[in-house]
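Whole structure, please, built from the sequences with the hints as guidance.
Spelled out from the first residue to the last, the chains are:
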Amino acid sequence: MTWLTPWVGAIAAAVAVPTLLILYFLKLRRRDVEVSTTLLWKKAIQDLQANAPFQRLRKNLLLLLQLIVLGAALFALAQPQFKGMATTGQRHIILIDRSASMQSLDETASGGPRAVQRLDAAKQQAIELVESLRESNAFQRDKADEAMVIAFDSTAEVVANFTSDKGALTRAIEGIEARDSISFMEEAMRLAQAHAPRRVVEGQAIEGLSLAEPATIHLWTDGAIEDADRVLPTIEKDVKYHAVGLEGAINLGITSIRAERDFENPNRLSVYVSISSTDPSARTLDVELAIDGVVAGVKSVTVPGVAVLPAPAPTEDGEAAPPPERSSASTSGVVFALNQPEGGVITTRLRTGGDDDPRVDALRVDDRASIIVPPAKRLAVALVTRGSLFIEAALQGLPLARLVTYTPEQFQTEMDQGRATQFDVVILDSWLPRTSAGETLPPGRWLVFNAVPGGTLGLADGGEGESALFVDWARDHPVMRGLVLDNAVIARSRRVTIPDGNPIAVLAMTSVGPGIAELITPEARAIVVPFNIAESTWPFDVSFVVFTASAVTYLGADISDPSVRRMLRPGGILADQLPPGATEPVLVEPDQRETSLVLAPDRRVTFGPIRRVGLYQIRWSGAGTDPGAIRPLRTYSANLTDASESDIRAHPRLVLASRTVAAENEGRVKDRRLWPWLLLVALLVLMFEWYVYNRKVYY
Amino acid sequence: MLRTQTISRPTSIDDLLDGRLAARIAQLDLASKKIFAGKMKGERRSKKRGESVEFADHRPYVSGDDLRHIDWNIFGRLDRLFLKLFLEEEDLSLHVVIDASASSDCGEPNKFIFMQKAAMALSYLGLVNYNRVAATAIGGGARAEGGISGSIRDLRGKRRTLEMGSFLCGLTPEGSTSFGEAAKRISLTRRGRGVMVVLSDFFMKEGYETGLRLLVGRGYDVFAIQVLSPQEVDPTIAGDLRLKDVEDGDMAEVTISAPLIKKYKQNLAAYCDQFRLFCARREITAITVQSDLSVEALILDYLQTRGLLR
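Going down the list, the protein sequences come from chains A and B.
Just so we're aligned: the first sequence equals residues 1 to 699 in the working numbering.
Just so we're aligned: the second sequence equals residues 1 to 310 in the working numbering.
These aren't lab readings, by the way, just hints derived from the structure by calculation.
Treat the hints loosely; a few may be bogus.
[Said to hold, decoys possible] Ranges between beta-carbon positions, derived for each pair:
| # | chain 1 | residue 1 | chain 2 | residue 2 | range |
| --- | --- | --- | --- | --- | --- |
| 1 | A | Arg30 | B | Gly157 | 53 to 61 Å |
| 2 | A | Arg30 | B | Arg9 | 25 to 33 Å |
| 3 | B | Ala258 | A | Arg30 | 13 to 21 Å |
| 4 | B | Arg9 | A | Val17 | 48 to 56 Å |
| 5 | B | Glu283 | A | Val17 | 40 to 48 Å |
| 6 | A | Arg30 | B | Glu283 | 41 to 49 Å |
Even for Gly, the Cβ is constructed at its ideal location relative to N, Cα and C.
Laid out in structure tokens, this is it:
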């Protein structure tokens, strides 16, 4: 048992006990009674007082009871408590995970009928910790424990700064709401460090020097933290990991969704859905696919059970074997093949059955995922050349809607008349269109051969160079994927350099410098091949044909596939550029709540952070609509689709960068406070005293 | 102990002495361990050798003796002078002293009424037997003169009973006792010798010793009857009280508890013991009675066994 405020109790006892005894001598309100003589009474009183001054007190049950009452109250004042978790630290940092996995429902430990959401359980435990903090009192105003509360998902937010106000802390904790995003802890840790009180030297707070008193970090999470291994708590800080949730929690969730149109026949749409399960036994479930809210197909899929790892045998020297590593969640996938030339919102949903039953599926957020599919569209491509056999030949095999060849003069005329925007991609061969001063390229998508776009954001031309070879290329870039450039020999290379700070990605490096570059300006996007391909062996290689096709598709896809922009991650920001003529944009959230957005001069709108998964829509008035769209409306989809967040099994240990923290025993979070019981005892004794007094006086 | 709440005071002699008791006590007579001389020839033999016809003794003549009492027959035989002593018959004086202070007017039954009844019975007994009867009331507050609030004396014979009754009925207990002063007055003004009965609770702040010493000094045979109320012997009060002395208004704050009651009883017993011891040393017969005792029992049992009556 410990005493939180022993000195207060001692001082109060030193004052109150003698006061009670004195009051007992100074009892008031005596009843007047006339007697024949006071002779014998006075003698009796004198005798009693003279013989034993404390005899009267010792034998007085009423006084004894009052002393018990007072003692109980004084003990309560000293705040005794049975040691639960030691609250030795003066400062506590409470980190509460509010990510999607914290919305999981867990069966209550007692097997109660109601499942408890992890975030609610975490909040409850955190409030219990707050309640057990040492309070200040009249004598030790600065001795109170302080705590700050940080809620984190993909971003972190200080909901209560360091304070000893339990009411404020409790309100802050209760105000934390779950979000549908994944959890990152590093920012929360940085916030905690940033808000730690500074050491004050001569009245000046010193930045970077926190107070010597160590702060205890209390972390409530289920352990599904993406960057746990990057979190480096400072040495003096004690990290207590309160694991929330069950280690065997069962969840089925969509971890990824992708829609692709067939390259040959764009009308054919394939939707890939991958599903993960943490159920130890195999589960068969239905996956439902809906297009614009209309169910278009249901497929049954069986997800195998999670492999159970055998417990490792104890080591020979008798040490406890390390607990087995977690087996990863089992996954399965399903593919829907659709004939869907139109675009739309494709929503997939897992039919797990047993709504809100944590034994079937503990987390509902990841049971649904949507994707925005653009209508099937073939590209319109313009080739501006004075005659290039290689490029024309390479473009022959592409399934294009339209391919028009212009001479530079003709295309410049088309541009001047504003008709160039009808082409999705323009291929420039040895020619660059006229630009205003400083501009790299006019708005549009460009594939540039044998020219170097300059301007403020462009490349710096260093003239022709000697022969060169490709030495390296970005193999994971969509344009360069699968290309082998080893055989290409460039007879006359072009020396280009990238000015510092320009947003240019080098896709392929030759022995003299960048050989292929991707150039992005606010209005334009271009892939630039600065050397003359006719002066190289590359056009004779199959990789040239593949490169041309990939580049055109890549550049065209960037404009024609709005789904790239219209897929959101919870915790991220919705940022988009509305078509010309749009005014008064309004965002409709998944719960149909409407928010007016501010339209920037360049017609950009932003909204964030995205908190819930689901479909977001931006409506606007005005003339402008998207090409092919009927109504001034854009739909965005926010999905969780995160494998680690869907794996809701609570982690028994949290591996941080500097150490491994084991989960705390949950039953010991709260200190057993004794003072309310002492006050109850005082009350009961007081009632008993009243009874005794009445018996004594009237009996 | 507590002041009597409602008192029906005796108004006539019938309230003080009923006929049955009167008949019974008429057969008794006062007695004394000493036989006292009186002024008149009474019906009893005196210890003093006197002039009666009953021979008592002889003694040698000394000069100054009355020549009339010389036994000449012995002188003739022995040639020496002897005086012939006779037993003298004389009457007995009965003096009843009653405490009429406020403290007597307490208790249930009222102590003062008990004292009045006892005084009446004793006086009647004295009057019937032709003794000289006197009564003095001490105490009485402002009306008192030298500690005495009233007295009656030199009553003799049954016909004076009414007079004694009206005196006793006319007493009102009030004020405080100054026992010493009253005893001094009594001892100075009394006539003759005899039996003195003092009826009081003897709760006197200044002490009863001086008074009793004065009363017994001139050879009176003093009977001290201490009358206590049952509430004084066994207090029934409880709680936190402020006790007020009815005589002098003195206050005592007490919290009644078992130890205090026990201590009070011890003190009372010690007080009574000391009173009896004091009386025994001075040949005063002390009796302590409770006011719930019947007067008949007091007269017939207590006083007879202690030699006041025969």
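Each hint, compared with the structure:
Roughly 55 Å separates the CB atoms of Arg30(A) and Gly157(B), a value that falls within the hinted 53 to 61 Å. At about 31 Å, the beta-carbon gap between Arg30(A) and Arg9(B) stays in the expected band of 25 to 33 Å. Separation of Ala258(B) from Arg30(A) is about 18 Å and conforms to the stated range, judged on CB atoms against 13 to 21 Å. In this structure, Arg9(B) and Val17(A) meet the distance hint of 48 to 56 Å, their C-beta atoms being roughly 55 Å apart.
Distance hint check: the CB atoms of Glu283(B) and Val17(A) are about 59 Å apart, inconsistent with the given range 40 to 48 Å. The hint said 41 to 49 Å for the Cβ distance between Arg30(A) and Glu283(B), and at roughly 45 Å that hint holds.
In terms of the numbered hints stated before, the structure departs from hint 5 and from no other.
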